[in-house]
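Engineer: The whole structure should be built from the sequences, with the hints applied where relevant.
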Amino acid sequence: MSLLSSLRSLVTALVNRGRIENDTDEELRAHVQNRADDLEHSGLTRAEAERRARIEFGGHEKFREECRETGGGNLVQVLIQDSRYALRILRRTPLVTAVAVLSLALGIGANTAIFGLIDTVMLRLLPVAEPGELVQILRNDPSRAGPAVSSFTNPLWEQLRDQQDVFFDTFSWSAWQFNLAQGGAVHDVNGIYASGDFFNTLGVRPAAGRLFSGSDDQRGCPPTAVLSFGFWQEHFGGEQSAIGSTLPLNNHIFQIIGVSASGFYGVDVGSKFDVAVPVCAAGVFDGKASRLEQRSWWWLNIMGRIKPGLSQEQLEARLTVLSPQVFSAAVPEDWDLDGQQRFRRRTLVAVPAASGTSSMRKQFSQPLYILMAVVGLVLLIACANIASLMLARAAARQKEFAVRKALGASRWRLIRQLLTECLLLSTAGALLGILFARWGTRLLVRYISTANHKIFLDLSLDWRILSFTTAVAVLTGLLFGLLPAFRSTRVSLTSAMKGGSLAEGSERRGRLRPGKWIVASQVALSLLLLVTSGLFLHSFFKLATLDLGFDRRDVLLVNANLKSAEIPPASQNAVFDDIESRLGAIPGVVAVGRSVRTPVSNFEWNQRIQVDAPDAPHGEDALVYFNFISAGYFPALRTPLLEGRNFNRGDTVSSAPVVIVNQTFAHKFFPRSPALGQSIRTNDSPAKKAPAMQIVGVVRDSKYESLREETYSQAFFPASQIPEAADSENFELRAERSPSALIPSVQDAVRQVNKGISLDFHSLAAQVGDSLVQDRLLATLSTFFGGLALLLAMIGLYGALGYLVTMRRAEFGVRMALGARPASILSLVMKDVAVVLGSGVTAGAFTSLLTVGFLQKMLFGLTARDPLTMVAAIGLLSAAGFLAGYLPARRAMRVDPMAALRYE
Amino acid sequence: MPSQAQILPGTLDLLILKAVSLGPLHGYGVLLRIEQISQGALLVEQGALYPALFRLVRQGLLKASWGTSDNNRRAKFYELTPAGRKRLRQQADGWNRLAAAIASALNTQPEEI
Numbered sequence: 000m001s002l003l004s005s006l007r008s009l010v011t012a013l014v015n016r017g018r019i020e021n022d023t024d025e026e027l028r029a030h031v032q033n034r035a036d037d038l039e040h041s042g043l044t045r046a047e048a049e050r051r052a053r054i055e056f057g058g059h060e061k062f063r064e065e066c067r068e069t070g071g072g073n074l075v076q077v078l079i080q081d082s083r084y085a086l087r088i089l090r091r092t093p094l095v096t097a098v099a100v101l102s103l104a105l106g107i108g109a110n111t112a113i114f115g116l117i118d119t120v121m122l123r124l125l126p127v128a129e130p131g132e133l134v135q136i137l138r139n140d141p142s143r144a145g146p147a148v149s150s151f152t153n154p155l156w157e158q159l160r161d162q163q164d165v166f167f168d169t170f171s172w173s174a175w176q177f178n179l180a181q182g183g184a185v186h187d188v189n190g191i192y193a194s195g196d197f198f199n200t201l202g203v204r205p206a207a208g209r210l211f212s213g214s215d216d217q218r219g220c221p222p223t224a225v226l227s228f229g230f231w232q233e234h235f236g237g238e239q240s241a242i243g244s245t246l247p248l249n250n251h252i253f254q255i256i257g258v259s260a261s262g263f264y265g266v267d268v269g270s271k272f273d274v275a276v277p278v279c280a281a282g283v284f285d286g287k288a289s290r291l292e293q294r295s296w297w298w299l300n301i302m303g304r305i306k307p308g309l310s311q312e313q314l315e316a317r318l319t320v321l322s323p324q325v326f327s328a329a330v331p332e333d334w335d336l337d338g339q340q341r342f343r344r345r346t347l348v349a350v351p352a353a354s355g356t357s358s359m360r361k362q363f364s365q366p367l368y369i370l371m372a373v374v375g376l377v378l379l380i381a382c383a384n385i386a387s388l389m390l391a392r393a394a395a396r397q398k399e400f401a402v403r404k405a406l407g408a409s410r411w412r413l414i415r416q417l418l419t420e421c422l423l424l425s426t427a428g429a430l431l432g433i434l435f436a437r438w439g440t441r442l443l444v445r446y447i448s449t450a451n452h453k454i455f456l457d458l459s460l461d462w463r464i465l466s467f468t469t470a471v472a473v474l475t476g477l478l479f480g481l482l483p484a485f486r487s488t489r490v491s492l493t494s495a496m497k498g499g500s501l502a503e504g505s506e507r508r509g510r511l512r513p514g515k516w517i518v519a520s521q522v523a524l525s526l527l528l529l530v531t532s533g534l535f536l537h538s539f540f541k542l543a544t545l546d547l548g549f550d551r552r553d554v555l556l557v558n559a560n561l562k563s564a565e566i567p568p569a570s571q572n573a574v575f576d577d578i579e580s581r582l583g584a585i586p587g588v589v590a591v592g593r594s595v596r597t598p599v600s601n602f603e604w605n606q607r608i609q610v611d612a613p614d615a616p617h618g619e620d621a622l623v624y625f626n627f628i629s630a631g632y633f634p635a636l637r638t639p640l641l642e643g644r645n646f647n648r649g650d651t652v653s654s655a656p657v658v659i660v661n662q663t664f665a666h667k668f669f670p671r672s673p674a675l676g677q678s679i680r681t682n683d684s685p686a687k688k689a690p691a692m693q694i695v696g697v698v699r700d701s702k703y704e705s706l707r708e709e710t711y712s713q714a715f716f717p718a719s720q721i722p723e724a725a726d727s728e729n730f731e732l733r734a735e736r737s738p739s740a741l742i743p744s745v746q747d748a749v750r751q752v753n754k755g756i757s758l759d760f761h762s763l764a765a766q767v768g769d770s771l772v773q774d775r776l777l778a779t780l781s782t783f784f785g786g787l788a789l790l791l792a793m794i795g796l797y798g799a800l801g802y803l804v805t806m807r808r809a810e811f812g813v814r815m816a817l818g819a820r821p822a823s824i825l826s827l828v829m830k831d832v833a834v835v836l837g838s839g840v841t842a843g844a845f846t847s848l849l850t851v852g853f854l855q856k857m858l859f860g861l862t863a864r865d866p867l868t869m870v871a872a873i874g875l876l877s878a879a880g881f882l883a884g885y886l887p888a889r890r891a892m893r894v895d896p897m898a899a900l901r902y903e
Numbered sequence: 000m001p002s003q004a005q006i007l008p009g010t011l012d013l014l015i016l017k018a019v020s021l022g023p024l025h026g027y028g029v030l031l032r033i034e035q036i037s038q039g040a041l042l043v044e045q046g047a048l049y050p051a052l053f054r055l056v057r058q059g060l061l062k063a064s065w066g067t068s069d070n071n072r073r074a075k076f077y078e079l080t081p082a083g084r085k086r087l088r089q090q091a092d093g094w095n096r097l098a099a100a101i102a103s104a105l106n107t108q109p110e111e112i
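Residue numbers (numbering that gives the first Met the number 0), protein chains in the order written: chain A, 0 to 903; chain B, 0 to 112.
To be clear, the hints were calculated from the coordinates, so they are not data collected in a lab.
Positions of the beta carbon are idealized from the N, C-alpha and C atoms, including for glycine.
Do not rely on the hints blindly, as some may be mistaken.
[To be verified] Some, not all, of what chain A presents toward chain B, calculated at C-beta under 10 Å:
id, residue
1, E25
2, E26
3, L27
4, A29
5, Q32
6, R34
7, F56
8, D553
9, G837
[Unchecked claim] With the Cβ distance kept under 7 Å, some of the chain B side facing chain A (calculated, not the full set):
id, residue
10, G22
11, G26
12, Y27
13, Q45
14, G46
15, N71
16, R72
17, R84
Structural biologist: Written out as structure tokens, the structure is:
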């Protein structure tokens, strides 16, 4: 039979089921009538003829059944029948069903959410034409170990663009923040510098207007901008009139020429762009010393589309040949000769970039994989719960199974029935779980976003996520369904029909029943999760309470940018001084300091230092981290000065250069003599000899850019002696009460100095907290899931023991009738609890010791086999376990012997 | 009346197709026609007939339509579809070859070896 006709008969069978059965009936009736006619002709009375005909034909029902069996749609009908029956069974115990569906939904939802993030951050291809052909171009420094680096200077990019012959096309880009506000509080949008071929090479089409072409990106270009679709909708309501209108970016007017297609967010996964400007527009912002000419300003990333048919080997070979030409043509002339030599030896390499680039990927891939394992375990525990639930329920249905078997149902049919119930449960759980996941992923993305880096991810569902969820749903259904289905359908007809003594029949004491095994493994898995969450929590607590060398509480950080106010460099220092004294006068400000960089920020400034001492550190060891500060900085941050003096009004441009160093610096450079009074110099540049600076003070160590760093050697210089004026400096305001309440008065005070100054506000506590986003994520989520696992295990233990107690009611009744005291019944049950808990905890502890080692890298200040965490986890789990076990045990103690025996 | 034989397994479909190929028939008519064309030698069990008819319809070899029988009863009439006709030809050929082969095997005399 062809597929089509079998399908057709299936459909007719389903749609016209009633009609077909009537048809069959009528046909069989007609047959009997015809036969009766013939018999009547042979001389019988009509009544006798009909009777004889019916007897000859036999039972209608049997033939009807046979006709139905040969008909199409049989399997589907049985499936529908099974599902209907399953629904009825599940509805009969709404609470149990609800708990099962809810715990599955949580488990499957959590798995879908984490997998969804892994998919979006790591697996998904860029939504552009032929993403498989894209590669990112990196540079390799043979003289230095470590991975290839992605940043390039503009001169290098121009060389590569003009000399390459391996790519169909290349483009460069750089993510940057642009300020839309003209003075006052900063309103940053996510910008990118995009080279002329950025959009064509990716195959992105305009949604309105036109996108950049090569001619838009040439030195001295007029300021033009392309908007992203989302930004166009938000800020211009999707109006066509936006094309040709203007947009102020960092106080320069840009003309909007077009809008990129919707669904394109750039090539950086984890962020999106609002506005794109051509690379040449950097000249508009930078003026004379533009980064377009700078040979050591590394700001561009480069991608290319490989020419079809070119193999990876050919590509690598071509890039190796190309590299010396490209690098030689863009050597930074102010580097020393050795550095220039090494620069020329750098090489270009290409890596596949079908799923774009992402700084987020590096930061979050490990936490995401750990969380995936955690939620996987939680789902396993939930499955175990439902499996023991199913076992208990199936045991209570032994009589029903026996009756169905006696009526001719095959064992396979019963197993199918039970599995249908399980799959129905897991499907319901999965559907609800997808809803949870949608909501959970959004929450997670918001949770890992920080003030400085708003994470943006395209969270639409794709086939990968949906098939993952489907697979998980089916697998979990089978996982918790198979054991109960096979065990409980192995029913002996006679013993089941006799009823009653089931429990004793299958119970052999001293041996763990499968129900108990399930609970014990739940306990083991929960312990593993509790240990994991304990470790992360402990580590996060250590980080959060770490002594940073400064007091992060109640400090408002204000970044003031003078660029938009067009203040000449010569008077910038005076303006900053003026602002500092005005901010100090604001009521509620306890202390104010000023600095070029703020603590624990990404901005890094380091240089090698020379001292006149024997065996002084040199090379990488002599690297010192810099900051320029005012005298108010240390008091405002409460970093104590240990020796010498703070900066003061006497330290000016014309006075002798001075420096304050931290303890680590002092110990490292002057291990034997006091550091105070010594001179230090930065490395000489070819142009001029660096002046000597005298150490006038030593301060306590403090963290520079990350809480996890080994303390750096740091040097602080007076802001008044800064060699090149900085456009933007920061003020640290120690507030009496809430730092954010100071913002309006700060804005007022700065406006009195100059209306054009842009201001950006953060709190120091938030800035420090943002650097812990990974740790916070792991600690919070693993604690949440650890708690969930504990709860599930408790429910499992409670359920399994409750079931056991019900089964042994009669036994307890007899014992009590024979004089056993309630306490001995209690200890009988609690012994079971202890066996289950004991075996679970032992197994869990061993598993933990074996597996937690790989978490070490993520932990701070403790070893993965931290005994305190382990003991606390075991203690918590045992306490919870005994509590969950005590409740059914108490019920056993209260069994009324008479009632129990009568029931039997 | 010759002694009646049970129908060999697998031959019922062939017999039904043959019976129906001689003209549209209702279920009872099929039964009678088989008895008639086998000169009463083959006996079809009444109940086995209908599942077979149902199966042949589902396989697209027969088509069924409601009509009125000679004695003015509503009845379902079966006729061959082109596919059914083709199947009948194939099966009849196959059966004849098999029967001839078996007959010749059974008629073999010692001297012919």
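Engineer: Each hint needs a verdict: does it hold in this structure or not?
Structural biologist: Hint-by-hint comparison with the structure:
1. E25: 7 Å, holds
2. E26: Check passed: Cβ of E26(A) comes within 5 Å of chain B, closer than 10 Å.
3. L27: Cβ of L27(A) sits 7 Å from chain B, so the hint holds.
4. A29: 5 Å, holds
5. Q32: For Q32(A), the interface hint holds, since the closest Cβ of chain B sits about 6 Å away, which is under 10 Å.
6. R34: Holds: closest Cβ of chain B sits about 6 Å from R34(A), inside 10 Å.
7. F56: Interface hint status for F56(A): holds (5 Å vs cutoff 10 Å).
8. D553: Since the shortest Cβ distance to chain B is 83 Å, the answer is violated.
9. G837: 62 Å, violated
10. G22: At about 17 Å, which exceeds the 7 Å cut-off, the nearest Cβ of chain A leaves the hint on G22(B) violated.
11. G26: 5 Å, holds
12. Y27: Since chain A brings a Cβ to about 4 Å from Y27(B), closer than 7 Å, the hint holds.
13. Q45: With a minimum Cβ separation of about 5 Å from chain A (threshold 7 Å), the hint on Q45(B) holds.
14. G46: 5 Å, holds
15. N71: 10 Å, violated
16. R72: It holds, given that the least Cβ distance between R72(B) and chain A is near 6 Å, below 7 Å.
17. R84: Hint on R84(B): violated, closest Cβ of chain A at ~17 Å, above 7 Å.
Hints 8, 9, 10, 15, 17 from the earlier list are contradicted by this structure; the remaining hints agree with it.
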